[in-house]
Each structure stands twice: as structure tokens, then as C-alpha cells.
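Chains as they are written, first to last, in the working numbering: chain A, 1 to 522; chain B, 523 to 635; chain C, 636 to 750.
There could be a bad hint or two in this list.
Pairs of lysine-lysine, DSS-like flavour, derived with a Cα cap of 25 Å [said to hold, decoys possible]:
id	chain 1	residue 1	chain 2	residue 2
1	B	Lys581	B	Lys570
2	A	Lys466	B	Lys557
3	C	Lys702	B	Lys608
4	A	Lys498	A	Lys386
5	B	Lys600	B	Lys581
6	B	Lys601	B	Lys581
7	A	Lys54	A	Lys123
8	A	Lys386	B	Lys581
9	A	Lys386	B	Lys563
10	A	Lys466	B	Lys608
11	C	Lys659	B	Lys608
12	B	Lys601	A	Lys466
13	A	Lys123	A	Lys473
Pulled from the structure, derived: some chain C residues nowhere near chain B, Cβ distances all over 10 Å [unchecked claim]:
id	residue
14	Phe658
15	Leu713
16	Leu748
17	Gly750
Beta-carbon label-pair distances, calculated as ranges [to be verified]:
id	chain 1	residue 1	chain 2	residue 2	range
18	B	His534	A	His513	27 to 37 Å
19	A	Cys484	B	Ile627	37 to 47 Å
20	C	Asn661	A	Glu470	39 to 49 Å
21	C	Arg747	B	Leu606	14 to 24 Å
In case anyone wonders, no lab produced these hints; they're calculated from the structure. The beta-carbon is built from N, C-alpha and C at its ideal position, and this holds for glycine as well.
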Amino acid sequence: MSSILMHAPALVIALPLLAAFFTPILGRFNRKTISWLASFTLGLTLLLTLFIAKQVLTNGPIVYVFGGTEIGLTLPFGYTMPIRIIFQIDAMGIFMGLITAVVAFLAAIYSISYMEQHTGLDKYYTLLLLLATSMFGMELTGDIFNFFVFFEIASISSVALVAFRSTISGEPAEAGLKYMVVSSISALMVLFAIGLFYGQYDALNIATIASVMQFTQLDKIALILLVTVLSMKAGSVPMHMWTPDAYSEAPAAITMVLVAASQASLYALFRIAFSLYNVTLNTVTVGWIIIILGVLSMFIGVTIAIIQSDIKRLMAYHAISQTGYMLLGVGVGLAVLTNPAALESYGIKAMEGGIFHIMNHAMYKGLLFLTAGALFYRTGTRDLNKMGGLAHNMVYTAVFFIIGAAAIAGIPPFNGFASKLIIYESVYQFNPLLSIIAMLVSILTLASFVKVFHSAFLGPQLESYKSVQEVPKSMVLAMATLACIIVFFGLFPELIVKYIVHPAVMALIDQAHYTATILGGI
Amino acid sequence: MRIGLLETGSGHWNAIIWVIIAVIIGIGVLWLRNKGQENYKKNTDQTKPFLSGNPEGSKEDSHVGASHIYWGFTEALKKYYEPLVKLHTGNVNDYSGWIVLMMAIIFIIVGVS
Amino acid sequence: MIGNFPFVTVIILIGLGIYSLLFKKNLIKIAIGLTLIESGVNLFLIALGFRKGAVAPIYTQAPEGVKMVLPTPQALCLTSIVIGVATTALVLSIIMIIYQRYGTINTDEIRRLRG
Numbered sequence: 001m002s003s004i005l006m007h008a009p010a011l012v013i014a015l016p017l018l019a020a021f022f023t024p025i026l027g028r029f030n031r032k033t034i035s036w037l038a039s040f041t042l043g044l045t046l047l048l049t050l051f052i053a054k055q056v057l058t059n060g061p062i063v064y065v066f067g068g069t070e071i072g073l074t075l076p077f078g079y080t081m082p083i084r085i086i087f088q089i090d091a092m093g094i095f096m097g098l099i100t101a102v103v104a105f106l107a108a109i110y111s112i113s114y115m116e117q118h119t120g121l122d123k124y125y126t127l128l129l130l131l132a133t134s135m136f137g138m139e140l141t142g143d144i145f146n147f148f149v150f151f152e153i154a155s156i157s158s159v160a161l162v163a164f165r166s167t168i169s170g171e172p173a174e175a176g177l178k179y180m181v182v183s184s185i186s187a188l189m190v191l192f193a194i195g196l197f198y199g200q201y202d203a204l205n206i207a208t209i210a211s212v213m214q215f216t217q218l219d220k221i222a223l224i225l226l227v228t229v230l231s232m233k234a235g236s237v238p239m240h241m242w243t244p245d246a247y248s249e250a251p252a253a254i255t256m257v258l259v260a261a262s263q264a265s266l267y268a269l270f271r272i273a274f275s276l277y278n279v280t281l282n283t284v285t286v287g288w289i290i291i292i293l294g295v296l297s298m299f300i301g302v303t304i305a306i307i308q309s310d311i312k313r314l315m316a317y318h319a320i321s322q323t324g325y326m327l328l329g330v331g332v333g334l335a336v337l338t339n340p341a342a343l344e345s346y347g348i349k350a351m352e353g354g355i356f357h358i359m360n361h362a363m364y365k366g367l368l369f370l371t372a373g374a375l376f377y378r379t380g381t382r383d384l385n386k387m388g389g390l391a392h393n394m395v396y397t398a399v400f401f402i403i404g405a406a407a408i409a410g411i412p413p414f415n416g417f418a419s420k421l422i423i424y425e426s427v428y429q430f431n432p433l434l435s436i437i438a439m440l441v442s443i444l445t446l447a448s449f450v451k452v453f454h455s456a457f458l459g460p461q462l463e464s465y466k467s468v469q470e471v472p473k474s475m476v477l478a479m480a481t482l483a484c485i486i487v488f489f490g491l492f493p494e495l496i497v498k499y500i501v502h503p504a505v506m507a508l509i510d511q512a513h514y515t516a517t518i519l520g521g522i
Numbered sequence: 523m524r525i526g527l528l529e530t531g532s533g534h535w536n537a538i539i540w541v542i543i544a545v546i547i548g549i550g551v552l553w554l555r556n557k558g559q560e561n562y563k564k565n566t567d568q569t570k571p572f573l574s575g576n577p578e579g580s581k582e583d584s585h586v587g588a589s590h591i592y593w594g595f596t597e598a599l600k601k602y603y604e605p606l607v608k609l610h611t612g613n614v615n616d617y618s619g620w621i622v623l624m625m626a627i628i629f630i631i632v633g634v635s
Numbered sequence: 636m637i638g639n640f641p642f643v644t645v646i647i648l649i650g651l652g653i654y655s656l657l658f659k660k661n662l663i664k665i666a667i668g669l670t671l672i673e674s675g676v677n678l679f680l681i682a683l684g685f686r687k688g689a690v691a692p693i694y695t696q697a698p699e700g701v702k703m704v705l706p707t708p709q710a711l712c713l714t715s716i717v718i719g720v721a722t723t724a725l726v727l728s729i730i731m732i733i734y735q736r737y738g739t740i741n742t743d744e745i746r747r748l749r750g
């Protein structure tokens with residue numbers, strides 16, 4: 001058993017991939033079992049990810065060499081740089097991997113009931129499993145071209161899933177087209193930057209490039225390309241316009257997975273800025289660029305969210321706004337990277353807040369999108385003007401919505417408050433104005449979710465919704481799991497911060513450790 | 523109380539103590555509420571919504587729709603919202619245009635520094 | 636100086652691709668623009684591997700004293716071409732569905748999702 005578990009990093013990629021290609025064959029025989037196969041596979045992947053997490057958080061980074069004589073052999077005899085594709089899993093990578101595993105598993109559980117009446121289900125689960133594979137690949141890899149390949153797989157499968165409902169109406173196809181055009185541009189620019197790195201340093205491994213990086217003009221161009229397109233894929237203003245279209249037209253469980261995929265691109269941005277370049281770039285300038293992108297995203301995202309009348313579009317704009325918090329927190333950390341006193345006193349804390357916010361955001365945003373999906377499933381509409389008084393019938397959905405809305409607005413004792421508090425207090429020491437804007441955005445977030453709660457759930461019971469019942473059990477189960485995670489993270493935030501977030505932040509900051517893991521010796 | 527204690531860089535936050543205090547205050551609120559009057563009869567006019575004596579229209583009419591809820595806020599900030607909403611055209615060419623524009627701006631900023 | 640010609644072509648191709656993405660209203664022309672950018676980046680990758688006076692990297696027993704062109708960018712380019720095929724197929728099939736549902740492929744009219 002332990003020899004199989006040694007290959008856990010490869011299994012995390014291989015299992016969903018195998019199940020993805022096996023699903024259409026199984027779908028020919030029995031339509032009902034494919035959803036169970038997908039849930040089972042993603043559950044196994046979740047267990048494997050938990051196993052890898054325990055190993056990484058106790059023993060340090062794991063290295064997995066594909067095709068070597070033994071899995072830890074990064075430098076074969078006589079070589080001074082690695083030549084194979086290497087998965088390098090440190091605390092930050094497995095942090096994102098945990099989020100992906102939980103979100104993908106709950107999406108499969110939710111889809112058991114949500115997509116039951118839909119045709120073409122074998123394609124849906126194939127694409128969902130491929131999307132999960134590609135997100136794991138993006139987060140665990142240590143090779144930059146491998147990252148590009150998984151990035152493209154993720155964009156192709158998520159576009160196909162966004163356009164999944166185009167048999168019913170035309171808007172999902174339009175959303176899919178816009179997402180595809182934008183994804184294509186970003187992926188090709190990433191490939192251009194990879195070409196620039198390869199042409200100069202003759203290496204494709206991130207740690208190898210980091211160890212020989214001199215910040216030439218071409219590296220500056222590569223940095224600009226990567227910062228722009230990766231922050232665009234994460235959904236930051238002013239390149240955010242694909243986000244409301246894609247998130248609102250996708251099926252609800254897929255929107256939750258798309259949020260995690262956007263965060264995988266955000267992880268890539270941090271990996272490039274911290275582990276690839278580190279102090280060779282001008283950290284104050286790039287840090288301030290990321291901070292300005294974050295502040296713009298926060299503010300513009302939430303102010304446009306207030307005037308929306310489509311529930312999923314409103315939540316998508318909030319996803320943009322919360323991404324601004326993450327960019328703000330980590331941007332402050334990047335800006336003070338060369339200043340050891342400031343880094344010790346508030347830089348690390350700001351990064352902890354930003355990265356903790358990534359996990360919290362995936363949880364509560366996922367819960368909110370699942371409740372929006374539950375409302376769509378029972379009422380058939382996403383328009384808030386038509387809904388009303390649904391709390392009389394859908395009690396569980398209303399309770400989960402309250403938990404999700406309180407978490408996103410930063411109300412104690414839920415997890416949003418814990419991460420936002422860390423961001424406010426540490427960013428305040430960097431520049432008070434940024435912290436005040438962040439608090440203002442939090443108030444506007446609460447305002448818009450009070451609007452949603454009033455329109456959809458409060459009020460008298462309407463005639464047209466008299467026969468609406470609660471949603472089926474698998475959907476309630478998925479939402480309840482997320483709500484429990486939110487409450488647990490809110491009551492015991494210091495467990496998460498001390499054991500999972502702080503190692504992730506230290507793994508990002510410490511570039512020497514990242515290179516030494518592959519190239520050996522400090 | 524060590525368990526549940528989050529140390530931000532400049533302070534402490536303990537969610538469990540917050541929950542305990544909230545429960546205590548909630549019990550106090552409920553005790554005060556129970557000291558109120560108890561003489562109301564169900565299913566009479568006492569439980570219908572009060573609209574200053576006017577007759578109640580249909581239930582659909584009495585529920586304020588989502589687009590009308592924050593009318594004051596939206597109207598007051600019209601000068602900020604009008605150009606912003608017009609900027610979100612929904613046109614695919616503009617989506618790529620923004621990417622190229624931001625790339626140019628970041629190129630100028632990083633190139634000069 | 637003449638050795639820089641492939642890279643100048645790359646810039647021209649990517650520039651033309653971005654031009655047609657930004658200013659052309661027909662969806663098919665936007666898809667063509669995407670393939671132009673992809674061709675430009677593939678050419679860039681191949682041109683990186685060239686060494687003057689070298690032969691193709693296909694020999695097991697190489698002739699004496701002769702350099703070989705770098706094979707790794709050729710592998711990267713092949714991967715990228717395959718990914719480009721999948722992307723182009725997906726974009727074109729989505730354009731077909733849009734034409735079926737909207738009746739037009741002019742980007743000024745495919746704007747139901749805005750605001």
C-alpha cells in the first residue's frame with residue numbers, strides 16, 4: 001500500500017483523467033452510474049490530496065520526477081540541471097490543491113441531482129473530471145511548459161462547460177465564445193513568455209530558471225505579459241468583463257469549480273512573482289501594480305454588483321471584488337519583500353490574510369453559487385425581480401444563504417471576518433487609505449447581499465411559488481458541507497492560519513528553499 | 523482562552539468568546555421579549571399587514587422588486603454609474619482591447635521604473 | 636541582422652492577429668485572428684532553436700563535427716499546434732451554435748450579456 005501512496009502526486013492527476021475517459025463508455029450502458037463514478041473518483045482524489053497535504057506539512061516539499069529511475073531523482077548522474085518534468089509540491093501548491101479537491105468533489109455531489117434531467121450527461125462529467133485534472137496539474141507542477149498545457153486543458157474544458165446549456169438558449173454560447181477568445185489570448189501570451197524564458201536560459205523548470213535568473217529586458221517583457229494575462233484570468237478589473245458572463249451562464253456546480261480555476265491562475269501569478277523572480281524584479285513597482293489592480297477590482301466590482309438584477313451575475317461581480325482582496329493582501333507582501341523589518345512586522349501577515357482569503361472565498365462563494373443554483377432549480381429563473389418569499393418553502397437554502405452572505409460580508413463569527421481582519425490590520429500599517437477602501441467595500445458587499453436576501457427569500461409567499469419545495473438531498477448535502485467548513489474555519493481560524501496558511505506564505509517568500517529542493521544543496 | 527485565539531499582527535480575535543457573549547445577550551433579549559403582552563388572537567385582523575388603513579393589493583404588488591430596492595443610492599451616484607455601465611458594452615472586441623491596453627500601461631510603468 | 640528576420644515576422648504575425656481581434660466585427664475573422672497569434676507564437680518557438688550551420692536533430696549516429704538544431708522547442712511547438720487544433724475546433728463550433736441561435740455573427744449584435 002505504501003508503494004502506491006508514494007506515487008500519490010501522479011495518481012492525483014491520473015485518477016480523474018482515467019475516469020474522464022472511462023465515463024463515455026460507462027454512459028453507453030447505464031446513464032445513472034456516471035454521476036456516482038465521478039463523485040467516487042473525486043472523493044478518492046480528495047483523500048489522496050489530504051494524504052499529500054499531511055506529508056508536505058510535516059516533512060517539507062515533495063518532489064516527483066516523471067520517468068526517472070526513482071521518484072526523487074531530480075539530477076541524474078552527470079547533470080547539473082533537471083531534464084524531466086518534475087512536480088514540485090510545497091505548502092502553497094498543496095494549499096491550492098486542497099481547495100480544488102474539496103470544490104471538485106462537492107461539485108460532483110451537487111451535480112448528481114442538479115443535472116439529472118439534462119441530456120448529454122456523459123460529456124458533462126467527462127469535462128468536469130478533465131477540469132479537475134487540469135486544475136490539479138496547474139497547482140502541483142514545477143515545470144512552466146507543463147503549466148501551460150494544463151492551463152489550456154482547463155480553459156478548453158471550462159469553456160465547453162460554460163456553453164453546456166446552449167441547447168436551451170443562446171446566451172451560454174455567447175458567454176462561452178467570450179471566455180474562449182479571452183482564454184486563448186492569455187494562453188498564447190503565456191506560451192510567448194515561456195519561449196522568452198527558454199530562449200535565454202535553456203530551461204523549462206521553474207526552480208532552474210529561478211536560480212539563473214538575471215533580470216534582462218526580455219525578462220521584463222515576460223513579466224509584463226505574465227502579470228497581465230494571469231491577473232486577467234483571475235478576474236481583476238479592468239479585464240474582468242468575461243467573468244459575469246461566464247459565471248452566470250454556467251451550471252451552478254460548474255461556476256463553483258470556475259471560481260477555483262480562477263484562483264489557480266491567481267496562484268500562478270503569485271508563483272511567478274515570488275518563486276520565479278523574487279527580489280530580482282523591482283518589487284515596489286510590481287507590488288504597487290498588483291495593489292492598484294486589487295483596489296480597482298474591489299471597488300468597481302462591488303459597485304456594479306449592487307445594480308445587478310440577475311442573481312448569478314451579482315455573485316460573479318462579488319467574486320471579482322473578493323479577488324481584489326487577495327491581490328491587495330499579497331501585493332502588500334510583495335511591495336515590502338525587500339524591506340526585512342516591514343516584512344516581519346506586517347508583510348507576512350498581509351500575505352497570510354490574502355492567502356487565507358483565497359480558501360475562505362472558495363468556500364463561501366461556492367456555497368452562494370450553489371444556493372443560487374438551488375433557486376434556479378426550483379423556480380426556473382435567475383431574475384431577482386421575479387422571485388420573492390421563497391424562505392417559506394426553501395428553509396435549508398435560506399439558512400445556507402444567510403451563512404454564505406454573512407461570511408462574504410465579513411460578519412463574525414464566520415471565516416470571512418477572520419481573513420478580512422488580518423488584511424485590514426496589516427494593510428493599514430502599509431497605507432491607511434487602502435484599508436479604508438477595503439472596509440468600505442465590505443459594507444457595500446453586505447448591502448448587496450441584503451438586497452438579494454430580501455428579493456429572493458423575504459416577503460410574502462407569492463402565488464406562482466406556492467408549490468415550490470426544498471431541493472433534493474444531494475444538493476442539500478453539498479451545501480451543508482460547505483456551511484460546516486465555513487463555521488469551522490470561522491470558529492477556529494488560528495488552526496488554519498498556523499498549520500496551513502503560514503507554511504504556504506513562508507514557502508512563497510523563501511525562493512532559496514524552492515530552488516534547493518530541486519537542484520540540491522543550499 | 524488559548525483555543526480559537528487568532529493573532530493578527532496588531533491585535534487578537536477570538537470567535538468563541540464572541541459566540542458565548544452573543545448567546546448570553548441573545549438569552550437576555552429573549553427574556554425581555556417574553557415580558558411583553560401576550561393577548562393577540564391569531565387569524566383575525568391583528569395579524570394582517572398594516573398599510574395605514576389602505577386595503578392590501580395582491581401579494582405580488584407588496585413585494586419591492588430587486589431593481590427598485592436601492593433607488594436612492596443608484597440615483598445619487600448616477601454620474602458615476604452611467605459611464606461605468608456604458609463601458610461594459612458586452613462586445614468581444616472590447617474585451618481584447620482592454621487586455622492590450624492594460625498590457626501597454628503596465629509595460630510603460632515597469633519599463634520606466 | 637538578417638538572422639533576426641524570423642523574429643520580425645513573429646511580431647508582425649502577432650500584431651496582425653491582435654489587430655483582427657480588436658477591430659474586426661465578424662466572428663470568423665476573430666477566430667482567424669486567434670490562429671494568426673498562435674502561428675506567430677509557434678514560429679517564435681521554432682526560431683529559438685535554430686543554430687547556424689546545424690542539421691536536423693534526427694540522427695542516432697550524428698556525423699562528425701556537425702551541430703544539431705535544438706529539438707526541445709520543436710516538441711513544444713508540436714504540443715502547441717495540437718492544443719491550437721482543439722481550441723480552433725471549439726471556437727468554430729461555438730460560432731456555429733451562436734449563428735443558429737442569434738441569426739448573426741456580427742459582434743455588435745451578439746451582446747445580450749452586458750452591463
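Each hint tested on the structure:
no. : hint                            : verdict
1   : B:Lys581 x B:Lys570             : holds (12 Å)
2   : A:Lys466 x B:Lys557             : violated (36 Å)
3   : C:Lys702 x B:Lys608             : violated (59 Å)
4   : A:Lys498 x A:Lys386             : violated (46 Å)
5   : B:Lys600 x B:Lys581             : violated (31 Å)
6   : B:Lys601 x B:Lys581             : violated (35 Å)
7   : A:Lys54 x A:Lys123              : violated (34 Å)
8   : A:Lys386 x B:Lys581             : holds (13 Å)
9   : A:Lys386 x B:Lys563             : violated (33 Å)
10  : A:Lys466 x B:Lys608             : violated (39 Å)
11  : C:Lys659 x B:Lys608             : holds (21 Å)
12  : B:Lys601 x A:Lys466             : violated (41 Å)
13  : A:Lys123 x A:Lys473             : holds (24 Å)
14  : Phe658                          : violated (7 Å)
15  : Leu713                          : holds (27 Å)
16  : Leu748                          : violated (6 Å)
17  : Gly750                          : violated (6 Å)
18  : B:His534 x A:His513: 27 to 37 Å : holds (30 Å)
19  : A:Cys484 x B:Ile627: 37 to 47 Å : holds (44 Å)
20  : C:Asn661 x A:Glu470: 39 to 49 Å : holds (48 Å)
21  : C:Arg747 x B:Leu606: 14 to 24 Å : holds (20 Å)
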